[in-house]
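> Below are the chains, spelled out letter by letter.
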Amino acid sequence: MATAASMMPYFGQQISSKHDMVPDWTNQEVSTGTTIMAVEYDGGVVIGADSRTTTGAYIANRVTDKLTPIHDRIFCCRSGSAADTQAIADVVTYQLGFHSIELDEPPLVETAANLFKASCYRYREELTAGILVAGWDRRRAGQVYCVPIGGMLVRQPVAVGGSGSTYIYGFMDSNYKPGMTKDQCLDLTAQALSLAMERDGSSGGVVRLASISEEGVERRVILGNQLPKLSTQHTHTHTHTHTHTHTHTHKHCSVFWSTLF
Amino acid sequence: MFEETEPEWLNEEVKTGTTILAIEFNGGVVLGSDSRVSAGASVVNRVMNKLSPLHDKIYCALSGSAADAQTIAEIVNYQLDVHSIEIGEDPQVRSAASLVKNISYKYKEELSAHLIVAGWDRRAGGQVFATLNGLLTRQPFAVGGSGSSYVYGFVDAEYRKDMCKEECQKFVINTLSLAMNRDGSSGGVAYIVTIDEQSTEEKVVLGNDLPKFFDQ
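Chains as they are written, first to last, in the numbering used here: chain A, 35 to 295; chain B, 606 to 821.
Any given hint could be a false lead.
Computed Cβ-Cβ distance ranges for the label pairs, DEER-style [what the hints assert, rightly or not]: (1) Q260(A) with G693(B): 50 to 60 angstroms; (2) L811(B) with Q218(A): 30 to 40 angstroms; (3) C769(B) with N148(A): 48 to 58 angstroms; (4) R158(A) with R743(B): 38 to 48 angstroms; (5) D99(A) with A672(B): 41 to 51 angstroms; (6) L615(B) with A152(A): 52 to 62 angstroms; (7) F132(A) with N616(B): 51 to 61 angstroms; (8) I690(B) with R96(A): 36 to 46 angstroms.
The set of hints was computed from the structure by calculation and includes no laboratory data.
All values reported here derive from a predicted model rather than from experimental measurement.
Every residue, glycine too, gets a C-beta built ideally from N, C-alpha and C.
Sequences and hints are given; from them, build the entire structure.
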């Protein structure tokens, strides 16, 4: 697999080529080199992703939404080729919607995961897609399913994916405990994503979180300067001081959320 | 009639695909490593100590090609002995790290080994130096080897300034354990070396004594 994913190391750098007139990244595939994470808790799931999409070294989109709704209470987190994952998600959304109408019932998360697996496995030679499927259904409450490159399917209490995920396996192993609450899962996910974004060049931007439960879906965004700080970060020696002379009635809040049904 | 081909690992380079780390505390350093040496899919040594002494109070942690790393360590051990006789006192950690860096940089195309140098000297106390690819940089802590990728997040989150000796030892053991669980090229037992003004202490933590995590 040559230039398919930005998670692969970039070999064969050239001093010059006949394409010197245009930047390298115009020939590169668009990739969501990325960090994604999903955690189960009693009553639902928490999912999170960074927001960077790259073509080579250029950041094509710094505010990408990699948390894609597949159904009312089922989301997927996408990593790998942006085009491949969008196409697969569209197909599965259609298939699941049709199936749900036939059943006259909300679909199971396991069904959605199996639909992803079917596409990813059948076209495994052509695709580069690593997907986490997470959601809530009445039968088994919160569930997280991992469909990595190649088309395997496995359910896990907590899963990470994308190029940045390698850096947070140790953090995840040591900090995840079974039986965490929703807020603990949100904190864990936000912190894990920040750590990965700090180390992985293909991950960055903002942290997008969502929690899915029987009540519905709550989405939130954590902007760059609000991310949890690490002890290894250098503190800035100069500080900006703002003085607002005009009054605002609503407080400036950088963590905002809305409930979707 | 089928010809039986010989196992692949007979032709594979022997690597210490590994996890190594070193962290300084006020008054010394703690170094840690796993013990697995692999040639392809085969583990050729499951109890190798990758923490190699360069001098009484200076150790280095080996990673990458086993042959390259061991040779660099032996050469620097010799050069440091000569140097310490010439100056008539114990060498500085920075000197040892510079000697490692000089070899790593000069032969960077031929070698594929990364050594982390750490120790204690009278002038600057505990110090940790990274020499990856021929650079030389002092850091509060350094991780290296194939298993280090999996614990960058953990060490970034858990490291705090001004930890004491026991906290550093615990930090090293936890980090090694996590990396050994995730990296196929790291495993076996954990070796720890604690160096301070009074002593140089070597310790082994066997597999069943390593900390366990939620999925074990």
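> Could you run down the list of hints and mark each one as holding or not?
These are the hints, each one checked on the structure:
The hint said 50 to 60 angstroms for the Cβ distance between Q260(A) and G693(B), and at roughly 56 angstroms that hint holds. Restraint check, L811(B) to Q218(A): a C-beta distance of roughly 33 angstroms satisfies the suggested window 30 to 40 angstroms. The beta-carbon spacing between C769(B) and N148(A), approximately 52 angstroms, falls within the hinted interval of 48 to 58 angstroms. Checked against the hint of 38 to 48 angstroms, the pair R158(A) and R743(B) passes, with Cβ atoms roughly 46 angstroms apart.
For D99(A) and A672(B), the hinted distance range of 41 to 51 angstroms is satisfied, since their beta carbons lie about 49 angstroms from each other. Here the CB-CB span from L615(B) to A152(A) is close to 41 angstroms, at odds with the stated 52 to 62 angstroms. Distance hint check for F132(A) and N616(B): the Cβ-Cβ separation is about 53 angstroms, which falls inside the suggested range of 51 to 61 angstroms. Hint check: I690(B) to R96(A), Cβ distance near 58 angstroms, so the stated range 36 to 46 angstroms is violated.
When held up to the earlier numbered hints, the structure conflicts with 6, 8 and fits the remainder.
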